[in-house]
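S.K.: What follows is the residue order along each chain.
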Amino acid sequence: MESLVYVALFAPLVGSLFAALFGMSPKNLITGIATSALLFISWMASVLLLIHVAGNGAVSTTLMDWIGAGDLLIQFGFQVDAVTAVMMVVVTTVSTVVHVYSIGYMDHDKGFNRFFSYLSAFVFSMMILVMSDNFAGLFIGWEGVGVCSWLLIGFWYHKEDVSTDINPSISPSWAANEAFIMNRIADLGMLVGIFLIYWNTGSLTYDIFFASIPTMDDGLLVAIAIALFIGAMGKSAQFPLHTWLADAMEGPTPVSALIHAATMVTAGVYLVIRANPLYSHEAVEGVSLFIACLGTFVAMFAATMALVNRDLKRIIAYSTLSQLGYMFAAAGLGAYWVALFHLAAHAFFKALLFLGAGNVMHAMHDELDIFKMGGLSKVMKWTYIYMGLASLALAGIFPLAGFYSKDTILEVAINEDTYLIWFALWVTAGLTAFYSFRQVFLTFGGNERYKELGHHPHEMPNYVLIAMAPLAILAVIFGFVFMDSFQSFTSTVLPVYEMSHATHKIAWVFIILTTLIALSGIFYAYKKYGVGLIRDEKVEGSFVYKLLSNQYYIPKFYDSMFTKPYAEISDMLWKKVDLKIVDAVVDAIAKFIYFSGDKSRAMQTGNLSHYLNWMAVGVLLLAVIVSLSAVLG
Amino acid sequence: MEQFAFYLFSVLTIGLFLVTVLSNNVLYAMTSLAAGMVIISGFFFILGADFLGVVQLIVYVGAVMALYSFGMMFFDATREIKEKNTNAYLVFFLGGMIALLLVVMFSAPIAGEGIVAMYPTPEGANNPQAVGLVLFTKYLVPFEVAAVMLLVAMIAGIILAGKKMDNSLTTKDENHEEEMTFSLKDVR
Amino acid sequence: MIELSHYLIISGILFSIGVVGVLRRKNLLMLFFATEIMLNAANIAFAATSSYYGDLSGQMFAFFIIAVAASEVAVGLGLLIVLYKKQGTLDLDNLVAMKG
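Which chain is which? The protein sequence lines are A, B and C, in order.
In this note's numbering, each residue carries its 1-based index in the first sequence increased by 1152.
In this note's numbering, each residue carries its 1-based index in the second sequence increased by 33.
In this note's numbering, each residue carries its 1-based index in the third sequence increased by 53.
Don't read these hints as lab results, they were simulated from the structure.
Glycine residues also receive a C-beta, built at the ideal position from the N, C-alpha and C atoms.
Wrong hints could be hidden among the right ones.
Said to hold, decoys possible - Straight-line C-alpha distance at most 20 Å; calculated SDA-like pairs for lysine to any residue: (1) K1524/A with M1513/A; (2) K139/C with I191/B; (3) K171/B with G107/C; (4) K152/C with T1757/A; (5) K1262/A with I1185/A.
To be verified - Sample of chain B residues at the chain C side, in silico, Cβ under 7 Å: (6) E35; (7) S43; (8) F50; (9) V54; (10) A82; (11) V92; (12) L100; (13) F125; (14) G128; (15) A189.
Said to hold, decoys possible - Going by beta-carbon spacing under 10 Å, a handful of chain A positions derived as facing chain B: (16) N1765; (17) A1768; (18) V1769; (19) V1771; (20) L1772; (21) A1775; (22) V1778; (23) S1779.
Excised from the complex, chain A in its bound form (with noise of 0.2 Å):
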């Protein structure tokens, strides 16, 4: 089974490379069909491992050692068990569609081999992530694909940096750069965390630190999980590291769907449930409450945002932010398998909405403006359905797999008498329902708008479609078919969580209320962009809209408060200390240096007997310091 683990961890690593090997050269169809060929490999071998794991329990291997310095020892070491197989089989799954996906969407880019070398490479580093056994090697994949999704959002870096004063659709650049100095903040709390548990245990490996957790003192305790959330904030892009996830979207779509929606932007929400031990310890219920609150927060936050916005992808942005802050919030109330099935629940149905929306920027040829299209549904029937059926799965219609995750989910904040957050939590559902259906009837139904802009819209290539297939597949029936299975699969790692008595009796009462409160947010999508857009002066001038468009006036808040005093120091700086001290001192030594040698060059008069002169200075000066340090000495 050892060779098994490898192959899922170092396919996509030999496809990368693969790939990168073509780096520079121009696009070659080779490159796409290896990568994908050896991601399908993975996925094949993550199956396997998923069975195999599910009938003799966890695999661990080690690799070899790694950093052996002193008391330190930390191995390579790769432990699969049933969170890490799920997590394997979602990432490899939704992998294996954008790269086949990729194929067709990135056909005329120049850079195709090396957006492919770029995706393998994002993909070893999540199998790393999710496959390490401590910490360390966790750290290694997070900061992997920090890197991975770096270089993917900053794709067309050569498009020109607009600020976003004249254009809301900023650089590609830019955004890259927001996503990595971000995450670089959430990072050093991460860090902070990994260093503690190292400084009080000796070790990084999960199963060391696990166990010592009953001797550990409180207040350490609670100190780690505030570290490693603040890690997983970031990654995850909660509340208030969450701007970067809407400006990530700059980079190409596929990337959106495989690392800002299915696979990396988890990542947070992977690391609290893989330190579930941790965040369920009493000690820490504090902050596994800030968490679930935090979530359900960003939940609601999120959805108002993607009430209003015009932007087809940054919709779906605010989607997957408020989608994480439900995961958050059933991981923060202790139910971690809910937390991990509406986490692979999401990955397909929200993969396949960004891949759905895709194809409408290919046709629309890179048009992002839902005003701007409409009636799409005639020209792209299996996009329509597509993304039709990743809204029924995201609104939580029965029996859609998005229904049994977010249920769950509600359910557990009824469970756990948190009503307030369920309260939150189902309003947000109403919400979810709305934006997602108001963005299927803006860019499918009513009128034809784009017509009068010029675009001629197109399907995409079978085979795209045919690939995103397995998405919608599992976007329908993953709820229904896997969701009992999956509960008793992951119940070998994480904690079993069971509903009381008194909520199964009533459980029929909510889940009647919350499909009603999405279905009446897609009646109400319906019945306000079903026909067409009819624009309303009065509400889009509203002080709310105006609030909700401009994101809450955070990016400004935070471009007025951090970035441009940033700027500005940074420009006195320059100006007062480096141009006037630093720079000024160097100069002064050239200067001194320059005036010295400039007179001393007059000693060179060519004369000898004037060499001999000072010749004899230079003799007494000597036999001066000689005598002196012989006195003296």
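Mind docking chains B and C on chain A? Use the hints.
M.R.: Chains B and C in isolation, oriented as in the chain A frame:
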């Protein structure tokens, strides 16, 4: 008697050498230098270094001064030397200070009386005998090296001042190599 | 009684005369003369120390100095002659070829 000789010689050497250093006439300078050398050999005789004194007379007054006189034939010896001398105060200060410091430095161990003779003068031998004994036992190798050095110097002097050497040695021109060999042949 | 220090002082005086000559004169031939004076000054110091301590090493060094001086004169004079033939002068002020 010894004191008288010492002071007389001292005054004479200082005076003669001052003439050498300050005179504008090459002939005067050389003559006074030769005279100074002779008197220095007088110092050696006072000190009981008879052999050294004789060598001083032969080598300096005989050979070196003869070389200078022959060398002088190439230059215009009778002409007054006109030169812009360096600032005298600076020169005297530097020279005086260096000499003073050297004397202080070298007399410091003497004052400390920490010196023991490495090669004491052999008993019952006069000075030339003693010199010979030490020179051909302890200092044989340096002596031979000095002999080789003198040979080399002699050859170098002959070549440099040789007859056909009126061509440039520094700038390379045609037939230069040939001329070199010719001149060597001529010398032989 | 003449002591060692007397000899060292006379040696120092002669040496300084030599240094003054080297520093002051501009004619290369005169520089050679001054060098000879310095060498002789050193010889006096050597011979005196040798005599006062009953050690012949000083005299040995004086011999070698004389040998070095003789070779120096032989080579040096040859060079001077070549230089004079080439430049027509031995004045250092006129032999400035490496002004920086």
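S.K.: Which hint numbers does the structure go against, in order from smallest to largest?
M.R.: none
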